[in-house]
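> Sequence:
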Amino acid sequence: MKYLKINITKTADLEALKNAILQMKGVDSVDIIDEENPESELKKAFNKTKEQFKKGDYETVVNDIFDILTKNNSKK
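Each residue of the sequence shown is one higher than the one before, starting from 847 at the first, in my numbering.
Any given hint could be a false lead.
Said to hold, decoys possible - Computed cross-link-like contacts, EDC-like style, restricted to lysine to aspartate or glutamate with a CA-CA straight-line distance of at most 16 Å:
| # | residue 1 | residue 2 |
| --- | --- | --- |
| 1 | K896 | D910 |
| 2 | K864 | D877 |
| 3 | K851 | D874 |
| 4 | K894 | E882 |
| 5 | K871 | E882 |
| 6 | K890 | D880 |
| 7 | K894 | E905 |
| 8 | K851 | D880 |
| 9 | K894 | D910 |
| 10 | K894 | D877 |
| 11 | K889 | E905 |
| 12 | K856 | D874 |
Said to hold, decoys possible - Estimated spans, in silico, between C-beta atoms of each pair:
| # | residue 1 | residue 2 | range |
| --- | --- | --- | --- |
| 13 | N853 | E905 | 14 to 24 Å |
| 14 | D877 | T857 | 19 to 29 Å |
| 15 | I878 | I914 | 14 to 24 Å |
| 16 | V908 | L863 | 28 to 38 Å |
No wet-lab data here; the hints were simulated from the structure. We put the beta carbon where it would ideally sit given N, CA and C, even for glycine.
Using the sequences provided together with the hints, build the complete structure.
See the structure below:
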């Protein structure tokens, strides 16, 4: 997988930029990452989990948690 990193100003309209990029052929997904605010990654993970629960996708939630736990144990 290849990634495209775009640096923006503080006044950029992130949602408009995200929607414009998603319209392009070959773009699979767009993630907004705030490197100055590491909490945003945690918020994104919680939001993903909430959406999975709303959809009744419990198996994916369990698998994600299992992957996290096994990755942490394998590093020790």
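> State for each hint whether it applies.
Comparing the hints with the structure gives:
no., hint, verdict
1, K896 with D910, "holds, 13 Å"
2, K864 with D877, "holds, 8 Å"
3, K851 with D874, "holds, 14 Å"
4, K894 with E882, "violated, 21 Å"
5, K871 with E882, "violated, 30 Å"
6, K890 with D880, "holds, 11 Å"
7, K894 with E905, "holds, 13 Å"
8, K851 with D880, "holds, 12 Å"
9, K894 with D910, "holds, 11 Å"
10, K894 with D877, "holds, 12 Å"
11, K889 with E905, "violated, 21 Å"
12, K856 with D874, "violated, 25 Å"
13, N853 with E905: 14 to 24 Å, "violated, 37 Å"
14, D877 with T857: 19 to 29 Å, "holds, 20 Å"
15, I878 with I914: 14 to 24 Å, "holds, 22 Å"
16, V908 with L863: 28 to 38 Å, "holds, 34 Å"
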